Amino acid sequence: MCLGIPGRVIEIRDDAGLPMGKVDFGGVRKDACLAYIPEVQIGDYVIIHVGFAISRVDEEEALKTLEILATMGDMVRAELATMGPGMDEPAVVSDDGTPVEGAFAVSPGAAPTSGPAPGAPA
Amino acid sequence: MKYLDEYRDPVLAKKLIAEIHRVTTRPWTLMEVCGGQTHTIVKQGIDEALPEGVRMIHGPGCPVCVTPLEQVDKALAIAARPDVIFTSYGDMLRVPGSSTDLLALKARGADVRIVYSPLDALKIAIANPDRQIVFFAVGFETTAPANAMAVAEAARRGIDNFSVLVSHVLVPPAMTALLDSPNNRVQAFLAAGHVCAVMGWTEYEPIAAKYRVPIVVTGFEPLDLLEGILMAIRQLEDGRAEVENQYVRAVKREGVPLAQRQIFEVFEVGERKWRGVGAIPESGYRLREAYARFDAELKFDVGEIRTNEHPSCIAGAILTGEKLPLDCTAYGTLCTPQKPLGAPMVSSEGTCAAFFSAGRGLGGARSPLPVVPFPQVAPSSAGGAKAPR
Numbered sequence: 001m002c003l004g005i006p007g008r009v010i011e012i013r014d015d016a017g018l019p020m021g022k023v024d025f026g027g028v029r030k031d032a033c034l035a036y037i038p039e040v041q042i043g044d045y046v047i048i049h050v051g052f053a054i055s056r057v058d059e060e061e062a063l064k065t066l067e068i069l070a071t072m073g074d075m076v077r078a079e080l081a082t083m084g085p086g087m088d089e090p091a092v093v094s095d096d097g098t099p100v101e102g103a104f105a106v107s108p109g110a111a112p113t114s115g116p117a118p119g120a121p122a
Numbered sequence: 001m002k003y004l005d006e007y008r009d010p011v012l013a014k015k016l017i018a019e020i021h022r023v024t025t026r027p028w029t030l031m032e033v034c035g036g037q038t039h040t041i042v043k044q045g046i047d048e049a050l051p052e053g054v055r056m057i058h059g060p061g062c063p064v065c066v067t068p069l070e071q072v073d074k075a076l077a078i079a080a081r082p083d084v085i086f087t088s089y090g091d092m093l094r095v096p097g098s099s100t101d102l103l104a105l106k107a108r109g110a111d112v113r114i115v116y117s118p119l120d121a122l123k124i125a126i127a128n129p130d131r132q133i134v135f136f137a138v139g140f141e142t143t144a145p146a147n148a149m150a151v152a153e154a155a156r157r158g159i160d161n162f163s164v165l166v167s168h169v170l171v172p173p174a175m176t177a178l179l180d181s182p183n184n185r186v187q188a189f190l191a192a193g194h195v196c197a198v199m200g201w202t203e204y205e206p207i208a209a210k211y212r213v214p215i216v217v218t219g220f221e222p223l224d225l226l227e228g229i230l231m232a233i234r235q236l237e238d239g240r241a242e243v244e245n246q247y248v249r250a251v252k253r254e255g256v257p258l259a260q261r262q263i264f265e266v267f268e269v270g271e272r273k274w275r276g277v278g279a280i281p282e283s284g285y286r287l288r289e290a291y292a293r294f295d296a297e298l299k300f301d302v303g304e305i306r307t308n309e310h311p312s313c314i315a316g317a318i319l320t321g322e323k324l325p326l327d328c329t330a331y332g333t334l335c336t337p338q339k340p341l342g343a344p345m346v347s348s349e350g351t352c353a354a355f356f357s358a359g360r361g362l363g364g365a366r367s368p369l370p371v372v373p374f375p376q377v378a379p380s381s382a383g384g385a386k387a388p389r
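One line per chain: the protein sequences are A and B, in this order. Using our numbering, read the first sequence as starting at 1 and increasing by one per residue. Using our numbering, read the second sequence as starting at 1 and increasing by one per residue.
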């Protein structure tokens, strides 16, 4: 119930005085109340929670986060060269796709499946 | 789906895990507040990929789990009335009351309906003017704007056969209750991203300052959680105790003012009981006097409620992070998602259900954790050296 998911606003209308809209979640379309985000426009991404838009996704920030994460690997390597180890050896250090120990290891030969999305509501 | 898949990239996840290992020099104990975060952490095995000594305690942020037994029993009493159509978020239907649950009641003929949004309950009320429609208004600050809007719309449109059974809880008082406990071990919090999307994070600033505890507003995808954990550990290692925002793409410091205004138009803050935890002052919402005619507790006399928790269930200790599901004798034997004894086994946001669906502690040997690898999606734009936040 506490899981909000991002979707794209594809229609905005007035429903007896209440701003409502249609939101597309990767092909699944649902009605949502847009009353709390009046600045929202068609094409914007919003986070929908129990049928209400509770946030407009900031596209610029979303990309920035990903850029920071993408550059982090090089920084890690550079830092590792100059600094001592942490309290234990990193469980996962491979950036080149070789199988690693730990939770994010992908067993060799296992085709990546796009199973049920973690965190997505049923 | 855009804004989901990008935040599940396994290559970036490995980088973040390596960085967490690099910056960690001491053992730390962190709590993720929200049950949605617990679900991702346990399912993806994020807690088991952290450096030795870094512990994730799973917090009380599962609305289904903390709804007090009295309110569930009241819901059952109201739903059993022949003149009532009882509507609820789907998660609440299998929550055990003292003697039964809403789903069993429905099977015995009660008119219990699942709605996705409280506005759907209003539509049912409009379509059935000769019936009483009751909505079970549970949840944290995330569902409050929706539930408040349903009540305000009922008032505006004069829909008098609609009422709500309120059981609304708030995150910050639960955090301070945990921090005030002599048993507290939590040194940093990942705050619930969507609660903060609505409310902003100003109310967390005094908590961080008073208790010297880092609080990182964090999203729900694996990369969000890993970055939130990294930011919290960096603060701990530096001796800082600030409120930081990992979930920048969705959360602003002031939250959503229109939603807050609607919440406080309809609700006021008051004491609430938390299932398994007890009463916490100023920890929930109740309807304001002006909306009393929409209060199902006033509309229907449910008589005396005598609650009765299952004696084997340790839900309270699970919710406060004192114990893990694996410490419970009923876990996976007497208590399963198909036949839950306590609320944390019901909702996918409950710690027990999260452990169960990840196969933890079941059938002797621990199951291999990364059952479902992340979908492979290249980040939409790489490069552009920016300093990490």
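These are calculated hints, taken from the structure and not from any lab test. Quick caveat: nothing in here was measured; it's all calculated off a predicted structure. A couple of the hints might just be wrong.
Simulated pairs of lysine-lysine, DSBU-like, Cα-Cα distance not exceeding 35 Å [unchecked claim]: (1) K22(A) x K252(B); (2) K106(B) x K273(B); (3) K273(B) x K323(B); (4) K299(B) x K123(B); (5) K64(A) x K252(B); (6) K339(B) x K299(B); (7) K22(A) x K210(B); (8) K2(B) x K30(A); (9) K210(B) x K299(B); (10) K339(B) x K123(B); (11) K106(B) x K22(A); (12) K323(B) x K123(B); (13) K299(B) x K252(B); (14) K2(B) x K252(B); (15) K30(A) x K210(B); (16) K299(B) x K30(A); (17) K299(B) x K106(B); (18) K30(A) x K64(A); (19) K273(B) x K210(B); (20) K30(A) x K106(B); (21) K64(A) x K273(B); (22) K210(B) x K106(B); (23) K30(A) x K123(B); (24) K106(B) x K123(B); (25) K252(B) x K323(B); (26) K323(B) x K210(B); (27) K323(B) x K339(B); (28) K2(B) x K64(A); (29) K2(B) x K22(A); (30) K252(B) x K106(B); (31) K64(A) x K22(A); (32) K123(B) x K210(B); (33) K323(B) x K299(B); (34) K252(B) x K30(A); (35) K106(B) x K339(B).
Which numbered hints fail = 7, 9, 12, 13, 15, 21, 22, 30, 32 and 33
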